[in-house]
Amino acid sequence: GENVEQHPSTLSVQEGDSAVIKCTYSDSASNYFPWYKQELGKRPQLIIDIRSNVGEKKDQRIAVTLNKTAKHFSLHITETQPEDSAVYFCAASMNNAGNMLTFGGGTRLMVKP
Amino acid sequence: EAGVAQSPRYKIIEKRQSVAFWCNPISGHATLYWYQQILGQGPKLLIQFQNNGVVDDSQLPKDRFSAERLKGVDSTLKIQPAKLEDSAVYLCASSGGGQPLFGSGTQLSVL
Numbered sequence: 085g086e087n088v089e090q091h092p093s094t095l096s097v098q099e100g101d102s103a104v105i106k107c108t109y110s111d112s113a114s115n116y117f118p119w120y121k122q123e124l125g126k127r128p129q130l131i132i133d134i135r136s137n138v139g140e141k142k143d144q145r146i147a148v149t150l151n152k153t154a155k156h157f158s159l160h161i162t163e164t165q166p167e168d169s170a171v172y173f174c175a176a177s178m179n180n181a182g183n184m185l186t187f188g189g190g191t192r193l194m195v196k197p
Numbered sequence: 039e040a041g042v043a044q045s046p047r048y049k050i051i052e053k054r055q056s057v058a059f060w061c062n063p064i065s066g067h068a069t070l071y072w073y074q075q076i077l078g079q080g081p082k083l084l085i086q087f088q089n090n091g092v093v094d095d096s097q098l099p100k101d102r103f104s105a106e107r108l109k110g111v112d113s114t115l116k117i118q119p120a121k122l123e124d125s126a127v128y129l130c131a132s133s134g135g136g137q138p139l140f141g142s143g144t145q146l147s148v149l
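As they're listed, the protein sequences go chains A and B. Just so we're aligned: the first sequence equals residues 85 to 197 in the numbering used here. Just so we're aligned: the second sequence equals residues 39 to 149 in the numbering used here.
Some hints could be false.
FRET-style restraints, in silico, Cβ to Cβ [unchecked claim]:
1. A:H91 with B:E52: 16 to 26 Å
2. B:G134 with A:D111: 23 to 33 Å
3. A:K155 with B:L122: 29 to 39 Å
4. B:I76 with A:R135: 27 to 37 Å
5. B:I50 with A:A113: 19 to 29 Å
Which bits of chain A does chain B cover? Going by a derived footprint, with three or more residues having C-beta under 8 Å, they are [said to hold, decoys possible]:
6. 123 to 131
7. 187 to 195
Cross-link-like lysine-lysine pairs, in silico, PhoX-like; alpha carbons within 20 Å at most [unchecked claim]:
8. A:K126 with A:K141
9. B:K82 with A:K126
10. A:K141 with A:K152
11. A:K126 with B:K49
FYI, nobody ran anything at the bench for these hints, they're computed from the structure. All of these numbers come straight from a predicted model, not from anything done at the bench. In this text, a Cβ means the ideal position worked out from N, Cα and C, and glycines have one as well.
Just chain A, same shape as in the assembly:
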């Protein structure tokens, strides 16, 4: 089955700096890659996703890049703010619609004011 590795497990940045979280996946058949933000004690919420026919996608301060050849994808957050502090999870799926997601282990992002 699919295996998703996520790094780093914790990331501390100064407010205004950029943050980058990286994930690798094992199954070349995976074609859908969402990112979730989970605040303490709350549900995971989708913040951005990318499909395998696209190399990069941007939404305001967040962007995701995908390298299918290397089987890795990354989340980029620019101009970080304290409210960006949370745990971020990457995930991968083979059916392009979010079914049977395999999640990474998570990255705890701390933005220091």
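Given the structure of chain A, go ahead and fit chain B onto it with the hints provided.
Same frame as chain A, but now just chain B:
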């Protein structure tokens, strides 16, 4: 629209006891998922339903876990008997063909 509803919010039991969690998906969503999220880890898919049929339950420990969605709407996940390592948040999610939307989860502590 109303979100995915789960109950109870918290549950504390002793090992070897039984426990059940309930999930009501977003109205009209045919796909329902149960995920287990152990502290400090990403969610792990336990079972996926499409209407009242099971699509995938390959990671469900069937010797102690069971789940049903008899009428294709709400769903129940049961653990019998519980073990210490079952302590986790159990997340339900539903989908109407797009990305799954998660409920707030049930936090289970097994003592």
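Of the numbered hints stated earlier in the document, which are not met by this structure? Of the numbered hints, 1, 5 and 8 do not hold.
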